[in-house]
Amino acid sequence: SQQGEEDPQALSIQEGENATMNCSYKTSINNLQWYRQNSGRGLVHLILIRSNEREKHSGRLRVTLDTSKKSSSLLITASRAADTASYFCATPEYSGGGADGLTFGKGTHLIIQP
Amino acid sequence: EPEVTQTPSHQVTQMGQEVILRCVPISNHLYFYWYRQILGQKVEFLVSFYNNEISEKSEIFDDQFSVERPDGSNFTLKIRSTKLEDSAMYFCASTPGQETQYFGPGTRLLVL
Chain A
133 SQQGEEDPQA
143 LSIQEGENAT
153 MNCSYKTSIN
163 NLQWYRQNSG
173 RGLVHLILIR
183 SNEREKHSGR
193 LRVTLDTSKK
203 SSSLLITASR
213 AADTASYFCA
223 TPEYSGGGAD
233 GLTFGKGTHL
243 IIQP
Chain B
-18 EPEVTQTPSH
-8 QVTQMGQEVI
2 LRCVPISNHL
12 YFYWYRQILG
22 QKVEFLVSFY
32 NNEISEKSEI
42 FDDQFSVERP
52 DGSNFTLKIR
62 STKLEDSAMY
72 FCASTPGQET
82 QYFGPGTRLL
92 VL
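Residue numbers (our numbering), protein chains in the order written: chain A, 133 to 246; chain B, -18 to 93.
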């Protein structure tokens, strides 16, 4: 499946700058989620946006969703060195049957230069 | 804040051996999941579990794999006869509903 493909694959910016990552998906969704993964560690849930929402904020994070283009973006404002991580979008495999597994993209590896 | 926990953090095994990976989901959660991430690749869904039975499974989750909730707190993934290609990070996740999934720190499995 090519659901949830992020770009760019890698992004390196200076501390204090904003970082924008994009995600595209192919099938209909009822929500889209963004996760962060520090090197070799577990996945941390950042934010969930539902299909009837266009924008959502959480602290320094801003997520948009365009269902007509089947795309989402994650903006991290005023980046910090601690934001260095891989960021993934994920969508439920909506089968309507219950506990949907998530389909993850390949991720964007974000490096914040001090 | 409650967390999903997983044991062991690392496991090394010989090809053909059975391994059991253990997870303790967050206590009031109802849905449980296993995922794997081969080094450098995407996180891949393996299986979901609800009401004491498998709800969904991916193509990866073949007869070599099984899951169990042996008691009220643990959720296990068993790989019956490990292959070299089973080497990966295995993540457990849980959710109270069907949206945000909370992931454990993972078990790194190395098959030699």
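Derived from the structure by calculation, the hints contain no laboratory data.
Ideal placement from N, C-alpha and C gives every residue a C-beta, glycine not left out.
Watch out, some of these pointers could steer you wrong.
Here's a subset of chain A near chain B, in silico, CB distances under 8 Å, partners left out [claimed, not checked]: (1) N170; (2) R173; (3) I181; (4) S190; (5) G191; (6) A213; (7) H241; (8) I244.
Straight-line distance between alpha carbons at most 27 Å, and here's what the computed BS3-like set of lysine-lysine pairs gives [to be verified]: (9) K202(A) - K64(B); (10) K64(B) - K238(A); (11) K201(A) - K158(A); (12) K64(B) - K38(B); (13) K59(B) - K202(A); (14) K238(A) - K38(B); (15) K202(A) - K238(A); (16) K188(A) - K38(B).
For each hint, the structure was consulted:
1. Proximity of N170(A) to chain B is violated relative to the hint, the smallest CB-CB distance being about 10 Å (cut-off 8 Å).
2. At its closest, the beta carbon of R173(A) sits 6 Å from a beta carbon of chain B; the interface hint therefore holds under the 8 Å criterion.
3. Taken as an interface hint, I181(A) does not check out: its beta carbon lies about 11 Å from the nearest beta carbon of chain B, beyond 8 Å.
4. A cut of 8 Å between beta carbons decides the hint on S190(A): the least distance to chain B is about 12 Å, and the hint is violated.
5. Checking G191(A) against chain B by beta carbon gives a least distance of about 16 Å; that is not within 8 Å, so the hint is violated.
6. With 8 Å as the threshold, the beta carbon of A213(A) stays out of range of chain B, its nearest partner Cβ sitting at about 22 Å, so the hint is violated.
7. Contact between H241(A) and chain B, as hinted, is not supported at the beta carbon level, the nearest pair being about 11 Å apart and thus beyond 8 Å.
8. About 21 Å separates the beta-carbon of I244(A) from the nearest beta-carbon of chain B, more than 8 Å, and the hint is not met.
9. The straight-line distance between the Cα atoms of K202(A) and K64(B) is roughly 37 Å, outside the 27 Å bound, and the hint therefore fails.
10. Distance check on the hinted pair: K64(B) and K238(A) sit about 24 Å apart at the alpha-carbon level, within 27 Å; holds.
11. Between K201(A) and K158(A), the direct Cα distance comes to roughly 9 Å. Compliance with the 27 Å bound is thereby established for this hinted pair.
12. A hinted pair counts as satisfied when its Cα atoms are at most 27 Å apart, and K64(B) with K38(B) qualifies at roughly 19 Å.
13. Taking the CA atoms of K59(B) and K202(A), the gap is near 36 Å; set against the 27 Å cutoff, the hint is violated.
14. Straight-line distance between C-alpha atoms of K238(A) and K38(B) comes to about 20 Å, which keeps the hinted pair within the 27 Å bound.
15. The suggested pairing of K202(A) with K238(A) holds, with an alpha-carbon distance near 17 Å, which does not exceed 27 Å.
16. A hinted pair counts as satisfied when its Cα atoms are at most 27 Å apart, and K188(A) with K38(B) does not qualify at roughly 31 Å.
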